[in-house]
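Visitor: Chains S and D, in that order, are what the protein sequence lines are. Under the numbering used here, the letters of the first sequence match residues 41 to 498, in that order. Under the numbering used here, the letters of the second sequence match residues 41 to 498, in that order.
Among the hints, a few may not be true.
Where chains are identical, the list cannot tell them apart; a pair therefore holds if satisfied intra-copy or between any two copies.
List of simulated lysine-lysine pairs, DSBU-like, C-alpha gap at most 30 Å [to be verified]: (1) Lys171 with Lys403; (2) Lys171 with Lys320; (3) Lys171 with Lys465; (4) Lys171 with Lys468; (5) Lys465 with Lys320; (6) Lys320 with Lys468.
No wet-lab data here; the hints were simulated from the structure.
There are 2 protein chains.
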Amino acid sequence: MKLRLLRPRDLALALRRMARRRPDEAEEYLDTHPEHWASLVEADPHDAADILESLEDEAAADLISGLDTGAAADVLEEMHEEAAADVLEEMQHGAAADILEELAPDEAADIVGELEPEARRAVLEEIETEKAGDILELLAYPPDSAGGLMSTELATLPAALGAGEAIEALRRLHEHLEHLAYVYVVDPEERLVGVVSFRELVFARPGTALEEVMVANPVAVRPETDREEVADLVQRYNLMAVPVVDRAGHLLGMVTIDDVIEEIQEEATEDIATMVGAGKEETIYTPVAHSVRSRLPWTAVNLGTALLVAAVVSHFEPIIGRLTVLAAYMPVVASVGGNSGAQSQAVVIRAMAVGSIPAHWVKRVALRSALVGFFNGIAVGALSGLIAGLFTRQPRIGMVIALAALANLVVANLVGSGIPIILEKLGKDPALASNIFMTMITDLVGFGGFLAIATALL
Amino acid sequence: MKLRLLRPRDLALALRRMARRRPDEAEEYLDTHPEHWASLVEADPHDAADILESLEDEAAADLISGLDTGAAADVLEEMHEEAAADVLEEMQHGAAADILEELAPDEAADIVGELEPEARRAVLEEIETEKAGDILELLAYPPDSAGGLMSTELATLPAALGAGEAIEALRRLHEHLEHLAYVYVVDPEERLVGVVSFRELVFARPGTALEEVMVANPVAVRPETDREEVADLVQRYNLMAVPVVDRAGHLLGMVTIDDVIEEIQEEATEDIATMVGAGKEETIYTPVAHSVRSRLPWTAVNLGTALLVAAVVSHFEPIIGRLTVLAAYMPVVASVGGNSGAQSQAVVIRAMAVGSIPAHWVKRVALRSALVGFFNGIAVGALSGLIAGLFTRQPRIGMVIALAALANLVVANLVGSGIPIILEKLGKDPALASNIFMTMITDLVGFGGFLAIATALL
Chain S
41 MKLRLLRPRD LALALRRMAR RRPDEAEEYL DTHPEHWASL VEADPHDAAD ILESLEDEAA
101 ADLISGLDTG AAADVLEEMH EEAAADVLEE MQHGAAADIL EELAPDEAAD IVGELEPEAR
161 RAVLEEIETE KAGDILELLA YPPDSAGGLM STELATLPAA LGAGEAIEAL RRLHEHLEHL
221 AYVYVVDPEE RLVGVVSFRE LVFARPGTAL EEVMVANPVA VRPETDREEV ADLVQRYNLM
281 AVPVVDRAGH LLGMVTIDDV IEEIQEEATE DIATMVGAGK EETIYTPVAH SVRSRLPWTA
341 VNLGTALLVA AVVSHFEPII GRLTVLAAYM PVVASVGGNS GAQSQAVVIR AMAVGSIPAH
401 WVKRVALRSA LVGFFNGIAV GALSGLIAGL FTRQPRIGMV IALAALANLV VANLVGSGIP
461 IILEKLGKDP ALASNIFMTM ITDLVGFGGF LAIATALL
Chain D
41 MKLRLLRPRD LALALRRMAR RRPDEAEEYL DTHPEHWASL VEADPHDAAD ILESLEDEAA
101 ADLISGLDTG AAADVLEEMH EEAAADVLEE MQHGAAADIL EELAPDEAAD IVGELEPEAR
161 RAVLEEIETE KAGDILELLA YPPDSAGGLM STELATLPAA LGAGEAIEAL RRLHEHLEHL
221 AYVYVVDPEE RLVGVVSFRE LVFARPGTAL EEVMVANPVA VRPETDREEV ADLVQRYNLM
281 AVPVVDRAGH LLGMVTIDDV IEEIQEEATE DIATMVGAGK EETIYTPVAH SVRSRLPWTA
341 VNLGTALLVA AVVSHFEPII GRLTVLAAYM PVVASVGGNS GAQSQAVVIR AMAVGSIPAH
401 WVKRVALRSA LVGFFNGIAV GALSGLIAGL FTRQPRIGMV IALAALANLV VANLVGSGIP
461 IILEKLGKDP ALASNIFMTM ITDLVGFGGF LAIATALL
């Protein structure tokens, strides 16, 4: 088979593509070439995870079972939690437990949290008592809180230690810890008093006490802190990890930057959903009933705005009765306005997602949008007017469409950029249902304005 | 004044809010309370930068000039590059140069790159020759490439050194470097041969050679590599920084995770713009002419789809002529469909932005969307039908609207989730103009389907 000749990197790529397009074939290939599967897992667990996610759960479970528990854990760690849980459900509970034991407690908890209640109970029974206890403790925190995200494996040292002794102690105690960015300094009651980066430890003279090297009173969060706030802190202060403490200041764990990058990504994509009134927390895995309920309120608002548009249009029924061709062309004006306004809206919402718009720029932003709408409006208006004039053989109808399109594009771009700015001034999420509000205006101008211009000119 | 009594953190918050809402007042307050300004800058340069961005450039320049160059550099570093350049342009070239000299070359280059050509030349002349040379070299790379993002201040050590000697050498040579995550190991020709994290240095026995501790052949990029690819590598391999090498493997610099987080954010928000056919690279600072041109192609496509809808509607002109009330209500069906479909589309595009949808989930995702559309369609259809029936006093018109809304919501949600999936299968960006394509379908069903049902039932 051709795949045999490929270098590991290309083999992984070819298999990922095959798994996505023809999962059955990929499954058969991996079954019959276990040595390729093993080397792929060793070279890049991330690729292996991608491939497993494309296969049926049962096939993925077979491939995982063929690995030693360490390698299996490496792959599972790279899979989405829901997908990893689906695979473990297809395996013997004992085998699943062995793999979970290899994972850090927080990673294991994330996956166990996605198991069906029955499988969860059975698997937890097979996990050694102490680890199972850690997992249960972590499961008690909501998944989107610092407690739900935190890792409990961390390096702590007493403040009185010298930097040299600290290095010795770390070598002795914590060599097995893989994902360390900082050492946390605690008092005799295990309360967090400071943080030292490994870089600072290296640079410190061996005799200097940790107390002198550390940053005292470091930024810390409580387990119930929302991950959005944790992500903001990480970005604001360029941190690699944030410690989590209880009410009394005892160190419970830390949230690392890689857990938060995903949050930053998800947060940045929230606007797409918020703009159109879908819940931020809806994913492709959300149960149907839950989605239906969460979307209804904004769908109802949208229905209200649409009925308002209908009420406006109904005022113009007499002219529509005389000139039914107007009914055919009015959607054109509304549609080009809605899309063009959405473009300006997207630009402003993106700007606000990444930073904020300087106060003295607000007017410039609005003017800029209106100008873009004006020039695009001239192009779109001329073109649509020309086409409509030719088709209907009534130049005046073309002119009505051209004028209405121009007007709607100017209004749409102004409103599209203005709504997020106004929402932010009101202290709301700038994206909140902004597309629904904008479409209301572009429909009102697109239908109502068009018909008003038609009444005046025809 | 009341602000005097606030703790530093609350003072910063109050001033940020004041600057955003009443910039003149904030400016006056800071002018008359220089000690508050200085302490705010010291406590949190990020807050100070936020405040400056809300003020007029001239006022911001005055406040920056009042600081010592080190503090001024700390604040400038936290500002957006465009805003920082605007402020520097208001200052004496010599003073601006002094502040830029305090910044790392890559930070300075980012700001210098945003200065007007004339100011850029004048300021660079005032910067000491060596630093100015570094800045010019960095400016030669496109801002979105690894070369444009990289920092040139890094720690390199020869491979033959022991871990203990390495720590000694770092203390001697590189103590002034602030943002270090890794030490890069080079051969005598300065070619990159490995990477060691500070954590690994700490854990290594002092006698072990760096060669044994380091990760050999580390992931590296070329200066022309696009920042999107750099961001992917950082996420894929959980890196804190990626080294940049030339064709021959000589180490040129490194791109750190904080430069890339912003990229990840911007990339994640690209979909909002792409969905509606606005260019990914358009920002609120893009010149109008450029935006007009870049948006025109998709705006033209949208006009084409809208004219298609018009052609379909024009087939139904006879029934509209008899029952003009249909013209009033047809936008309702199109509008609720477009919005509901956009909700499903947002959910799918977000899922694809954060990961990919497992192949065996695709059918479930489509079914899920259709079901959500069906149940929301029943609610919206019943409500809109009832309202329209009551208003028009024609129950049959209510029924037509109810049926058309239900049909459109099912189709809209199916199509909304299907378009990104199909685009991805075709190897395109799943968001690409997806909203324009979806609106075409929801308008066709919303207008055409509604009128067809009306023709059949009335």
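Visitor: Now look at each hint and say whether the structure bears it out.
Guide: Hints, verified against the model:
1. Lys171 with Lys403: neither (58 Å within a copy, 37 Å between copies)
2. Lys171 with Lys320: neither (33 Å within a copy, 47 Å between copies)
3. Lys171 with Lys465: Intra 49 Å, inter 42 Å, cutoff 30 Å: neither.
4. Lys171 with Lys468: neither (43 Å within a copy, 45 Å between copies)
5. Lys465 with Lys320: Answer is both; intra-copy 21 Å and inter-copy 26 Å each pass.
6. Lys320 with Lys468: So Lys320 and Lys468 pass the 30 Å test inside a copy (14 Å) and across (25 Å) alike.
When the structure is compared with the earlier hints, violations turn up for hints 1, 2, 3, 4 and for no others.
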